[in-house]
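Kindly generate the complete structure, drawing on both the sequences and the hints.
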Amino acid sequence: MNDGYAVRAEALEKRYGEKRALDGFDLAVREGTVHGLLGPNGAGKTTAVRILSTLVRLDGGRATVAGLDVARQAREVRARIGLTGQYAAVDEVLTGRQNLEMFGRLFHLGGRRARARATELLERFDLTDAADKGVGGYSGGMRRRLDLAASMILAPAVLFLDEPTTGLDPRSRGEVWEAVRALVADGTTVLLTTQYLEEADKLASRITVIDQGRAIADDTPDGLKNLVGGDRIEVVVAERSDVPRAVKVVARVADGEPESDDTELRVHAPVSDRVAALTEVARTLQDEGVRVEDIGLRRPSLDDVFLRLTGHRTDVARTKEAAA
Amino acid sequence: MSALDLTGPAAHGRTYWVLADCWNIVRRGLTHYRRQPVNIAWQLGFPILSVLLYGYVFGSAMKVPGGGDYQDFLMPGMFVMTMAFGFINTATVVVYDSTKGVIDRFRSMPMASSAVVAGRGVTDLVVACAELAIMMLTALAMGWRPDGGWGFLAAFGLLLWLRFALIWIGVWLGLLVPNPEAAGGLFAVAFPLTMISSIFVAPQLMPDWLGWVAAWNPISSTAAAARDLFGTPVGGGDSWVEQHALLMAGVWPLVLTAVFLPLAVRRFQRLSR
Chain A
1 MNDGYAVRAE
11 ALEKRYGEKR
21 ALDGFDLAVR
31 EGTVHGLLGP
41 NGAGKTTAVR
51 ILSTLVRLDG
61 GRATVAGLDV
71 ARQAREVRAR
81 IGLTGQYAAV
91 DEVLTGRQNL
101 EMFGRLFHLG
111 GRRARARATE
121 LLERFDLTDA
131 ADKGVGGYSG
141 GMRRRLDLAA
151 SMILAPAVLF
161 LDEPTTGLDP
171 RSRGEVWEAV
181 RALVADGTTV
191 LLTTQYLEEA
201 DKLASRITVI
211 DQGRAIADDT
221 PDGLKNLVGG
231 DRIEVVVAER
241 SDVPRAVKVV
251 ARVADGEPES
261 DDTELRVHAP
271 VSDRVAALTE
281 VARTLQDEGV
291 RVEDIGLRRP
301 SLDDVFLRLT
311 GHRTDVARTK
321 EAAA
Chain B
1 MSALDLTGPA
11 AHGRTYWVLA
21 DCWNIVRRGL
31 THYRRQPVNI
41 AWQLGFPILS
51 VLLYGYVFGS
61 AMKVPGGGDY
71 QDFLMPGMFV
81 MTMAFGFINT
91 ATVVVYDSTK
101 GVIDRFRSMP
111 MASSAVVAGR
121 GVTDLVVACA
131 ELAIMMLTAL
141 AMGWRPDGGW
151 GFLAAFGLLL
161 WLRFALIWIG
171 VWLGLLVPNP
181 EAAGGLFAVA
191 FPLTMISSIF
201 VAPQLMPDWL
211 GWVAAWNPIS
221 STAAAARDLF
231 GTPVGGGDSW
241 VEQHALLMAG
251 VWPLVLTAVF
261 LPLAVRRFQR
271 LSR
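Listed in order, the protein sequences are those of chains A and B. Just so you know, the first sequence maps onto residues 1 to 324 in the UniProt record's numbering. Just so you know, the second sequence maps onto residues 1 to 273 in the UniProt record's numbering.
Certain hints may be false.
To be verified - Pair ranges (Cβ atoms, derived):
(1) V259(B) x E13(A): 30 to 38 Å
(2) V292(A) x V38(B): 54 to 62 Å
(3) E13(A) x V38(B): 30 to 38 Å
(4) Q269(B) x E13(A): 17 to 25 Å
(5) I216(A) x N39(B): 20 to 28 Å
(6) G185(B) x A282(A): 30 to 38 Å
None of these hints come from the bench; they were simulated from the model. Every residue, glycine too, gets a C-beta built ideally from N, C-alpha and C.
Take a look at the structure:
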């Protein structure tokens, strides 16, 4: 019935006044996978998730989740999905346990099963010690894990994770990733929206890049990384006259042609053997007496992906440039 | 993955689940008060403080037209004020739930979405009953002696009827204002609205135009009707609306509900846009 796809969207349209939040958006998510939806703020990620999770009506196109039409079978869809939003949608006054029991009863499990399921999930998401404390006192990572647990009460077929790690410190981020991997191991399909290429790369087996309400790429993480060229080494020199020498040094370790920027005195190039390249370049430049302002390795960012795919930078980067 | 059977709910009709969902939302609201008892103390603090301030400090200096003790006149006003300020509590909870994403979570679940709003309303009415009971006990301790019997129950009912109408203003405002901080600002609106009424002072003691506004203030009708039913001084008044306080105490909340219930429902439905 759903041909092995947990989520399908065809030509989705959503307008807010003059603004087209979604403008012919297509998406196909295979069952049992993590699918990344990557894009900058305002690209339409959240709108897409809100439509697929039945929170918002679509203006055009068609979408199915678990083989059910989101517009016509909203209630059936709701019984098969979990949603974890940008804001942890749990009750901050209640304890972790009270939250899960309440959601369990609202999922119509009945009191006894709701209590048992809460205990089970608290254990599974490593929240047993904090179970009877108010959520207001939870750390960001704990709150997000509780949010995930609440989304998992009915063991949904499809889980929507809308920027699950935004605003979390690296450790909490790792905890959430761990939890997501465990869910997928159990057979849940995850649609993950994120602004971080790294996050999509770590979790997703396939990534759709969204820009201005449209899917502009759909590929594996490796495919996207090949597109932007992987890690890069970056050197900033102190004197303009040193730029050509730096280009020469970098070229020796680079996988491709180094690019240079005469105004920012910056030289950069793709590298594969990251650390070896870094030490080699640093040593050689020092030996040749080139004054180096900055040297480092840079992972490709969402911005790099965008630059390659669209020829323009993300709005965030554009704003930063305008401010500089 | 789970030792539990998580397959579909037990077989029950749709009405059963609407009521069950509603009850679970009420349970949540009441658990909030149980976990933060200071909240209910805070909600009651202001009216009780007003009772003490106006009753003891100004009591002897305040007049009641047509005679009678000011404290007896004041107490039903205090009950009305507590009911009237209640809409701020409703709005605060609703704005908090909608901005934090709690309402979105409810809407993404296979529960009855009408239960989200209805549950809020029932919670507020239960809390209002508790508030009224505590305030009346305070008033009795201060020497307030109302008539008992049906009149007392009718007054209690009219007070709850006013609170019921204000739930919808609260829900509507809660979905309208952008953040919880803005909801705090509602107090600045509510305070003059309760002052320009018959709660503290009989309208006929005010300047003409102000007295007219105060007399037509919906909460004045509930105050006057409650005073009448409690057998405490009413404070007179010759205008039509003051002469028909009992009728208007029934009509005003009905009008408010007729206007704001559809507005609140429409706001709620607009969340899907």
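We went through each hint and held it up to the structure:
Hint check: V259(B) to E13(A), Cβ distance near 35 Å, so the stated range 30 to 38 Å holds. At roughly 60 Å, the beta-carbon separation of V292(A) and V38(B) lies within the given 54 to 62 Å, and the hint holds. The beta-carbon spacing between E13(A) and V38(B), approximately 49 Å, falls outside the hinted interval of 30 to 38 Å. For Q269(B) and E13(A), the hinted distance range of 17 to 25 Å is satisfied, since their beta carbons lie about 20 Å from each other.
Separation of I216(A) from N39(B) is about 49 Å and departs from the stated range, judged on CB atoms against 20 to 28 Å. Look at G185(B) against A282(A): about 58 Å separates their beta carbons, and that is not inside 30 to 38 Å.
When the structure is compared with the earlier hints, violations turn up for hints 3, 5, 6 and for no others.
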